[in-house]
Amino acid sequence: MHFVTGGSFNGKSKWVKEYYQLKDSNHLWISFYEKEQVLVNPVLVEDPMVILEGIEVWIKDLAAQYEVSQAREKWRLFLSSWLEWENKDGNRKVILIGTDISKGIVPMHAEERKWRDMTGWAYQDIARTADRVELIWYGISQKIK
Amino acid sequence: MAESSLIFISGGVRSGKSSFAEKLAADYAQEIDGQLHYIAAGQSSDPEMEERIRRHQNDRLESGLNWTTWEQPVELTKLRHTFQSKDIVLLDCLTTLLNNEFFSQDEMWKSPDFQKQVMASIMEGIEQIAQKCHHFIIVSNEVVYEPLGDRELVYIYGKMLAQLHRNIVAKAYQAFLVEAGIPLLMKGIERA
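So the protein sequences, as listed, match chains A and B. Under my numbering, the first residue of the first sequence is numbered 1270, with each subsequent residue one higher. Under my numbering, the first residue of the second sequence is numbered 1092, with each subsequent residue one higher.
Same shape as in the complex, but just chain A (with noise of 0.2 angstroms):
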């Protein structure tokens, strides 16, 4: 599991493209920016690689449905799903690509401020389980796990 993170349009999305060079090999691109995602359940998945883009938005929608406990407790099972997919062969990737969305002011609305910090929790939660963590810093790209 490979944990991608940085402010937004830092170039995040591209860089995994080009470090996997995503062009020449099979691979599935789930991206929750895109409307209307359903949630693909990893057990029909037959590509080798699975790229999940814009977590803090999948969070975003967890913490606008349930209460904090459950909206974790959500997230952990999502989370522990791809990783049980990553392990049973040897071949298979998972690489995850979270917004940074901690650091402005904290928000006025108790749902943002609610939101923010779930999503903090997930990417700690992510950093912990990946065994490779990457920042993205304006197309630079530093290994930080």
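Don't read these hints as lab results, they were simulated from the structure. One should not assume that every hint holds.
Derived list of chain A stretches under chain B, where covered just means 3 residues or more per stretch with a C-beta under 8 angstroms from a C-beta of chain B [unchecked claim]:
1. 1369–1375
2. 1397–1409
Calculated cross-link-like contacts (lysine to aspartate or glutamate; reagent style EDC-like; alpha-carbon spacing at most 20 angstroms) [stated by the list, open to error]:
3. Lys-1250(B) with Glu-1303(A)
4. Lys-1304(A) with Asp-1241(B)
5. Lys-1304(A) with Glu-1243(B)
6. Lys-1114(B) with Glu-1281(B)
So the derived list for chain B, only partly shown, Cβ under 10 angstroms to chain A, looks like this [what the hints assert, rightly or not]:
7. Ser-1101
8. Val-1235
9. Glu-1237
10. Pro-1238
11. Gly-1249
12. Lys-1250
13. Ala-1253
14. His-1256
15. Ala-1266
16. Lys-1278
Even for Gly, the Cβ is constructed at its ideal location relative to N, Cα and C.
Since the structure of chain A is provided, determine the placement of chain B on it from the hints.
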């Protein structure tokens, strides 16, 4: 451009990025016996901004170094013939310049064509200046670390600024992120 003369410096508010940039410029100027130039993009729109500009002017005055200031709140390309090979040029800061261009024509910022044109014009100015001078140091601000989501203006502005940063970092031979006064070298190699 044989070798890039461009240096990009970014950081949060009051991170010490301007002081670091000015010191870097001064070091280069001393090394090559060059001339220091300062491109000021700020327009004093309120007393606080005036005070901020005055503070920066004072800092440069008290440094004992001979800075030549160029007031250029918009249209960077106008300075394309201004500099020469022994000039060290500092632009502080890019966000102000983008602000001025962005809001120069009422509601135009909503138009994708206008956005492209603003970005292209800023990049053109940067490249023209970088080609002429010895070193061109650009200071900017870190702003895109919160949800840009629902507010169209913030979203577009943040996207444009981040894209400018990416373009500049790609062309720069050094890029620094300044944290609490400490410059972190993100691209390029440390000078001996």
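Cross-check of the supplied hints:
For a cut-off of 8 angstroms, the count of residues in the region 1369–1375 of chain A with a CB near a CB of chain B stands at 6, and the three-residue condition holds. As drawn, the region 1397–1409 of chain A meets chain B at 4 residues by the rule of a beta-carbon pair under 8 angstroms; at three or more, the given contact holds. The suggested pairing of Lys-1250(B) with Glu-1303(A) holds, with an alpha-carbon distance near 18 angstroms, which does not exceed 20 angstroms. Using a Cα cut-off of 20 angstroms, the hinted pair Lys-1304(A) and Asp-1241(B) holds, with the two alpha carbons roughly 14 angstroms apart.
A threshold of 20 angstroms between alpha carbons decides the hint, and for Lys-1304(A) with Glu-1243(B) the separation of about 17 angstroms falls inside it, so the pair holds. Restraint check for Lys-1114(B) and Glu-1281(B): the C-alpha separation of about 15 angstroms stays at or below 20 angstroms, so the hint holds. A distance limit of 10 angstroms between C-beta atoms decides the matter here; for Ser-1101(B) the minimum to chain A is near 8 angstroms, and the interface restraint holds. Taken as an interface hint, Val-1235(B) checks out: its beta carbon lies about 4 angstroms from the nearest beta carbon of chain A, inside 10 angstroms.
Contact between Glu-1237(B) and chain A, as hinted, is supported at the beta carbon level, the nearest pair being about 2 angstroms apart and thus within 10 angstroms. Hint status for Pro-1238(B): holds, given a least beta-carbon distance of 5 angstroms to chain A, under 10 angstroms. A hinted interface residue such as Gly-1249(B) counts as satisfied when its beta carbon comes closer than 10 angstroms to some beta carbon of chain A; here the least separation is about 6 angstroms, so the hint holds. Checking Lys-1250(B) against chain A by beta carbon gives a least distance of about 5 angstroms; that is within 10 angstroms, so the hint holds.
Because the beta carbon of Ala-1253(B) sits about 4 angstroms from the nearest beta carbon in chain A, less than 10 angstroms, this interface hint is met. Because the smallest distance between the Cβ of His-1256(B) and any Cβ of chain A comes to about 4 angstroms, under 10 angstroms, the interface hint for this residue holds. This hint holds: Ala-1266(B) has a C-beta 7 angstroms from the nearest C-beta of chain A, less than the 10 angstroms allowed. The beta carbon of Lys-1278(B) comes within 5 angstroms of a beta carbon in chain A, closer than 10 angstroms, and the hint placing it at the interface holds.
Every hint, counting from the list given before, is met by this structure.
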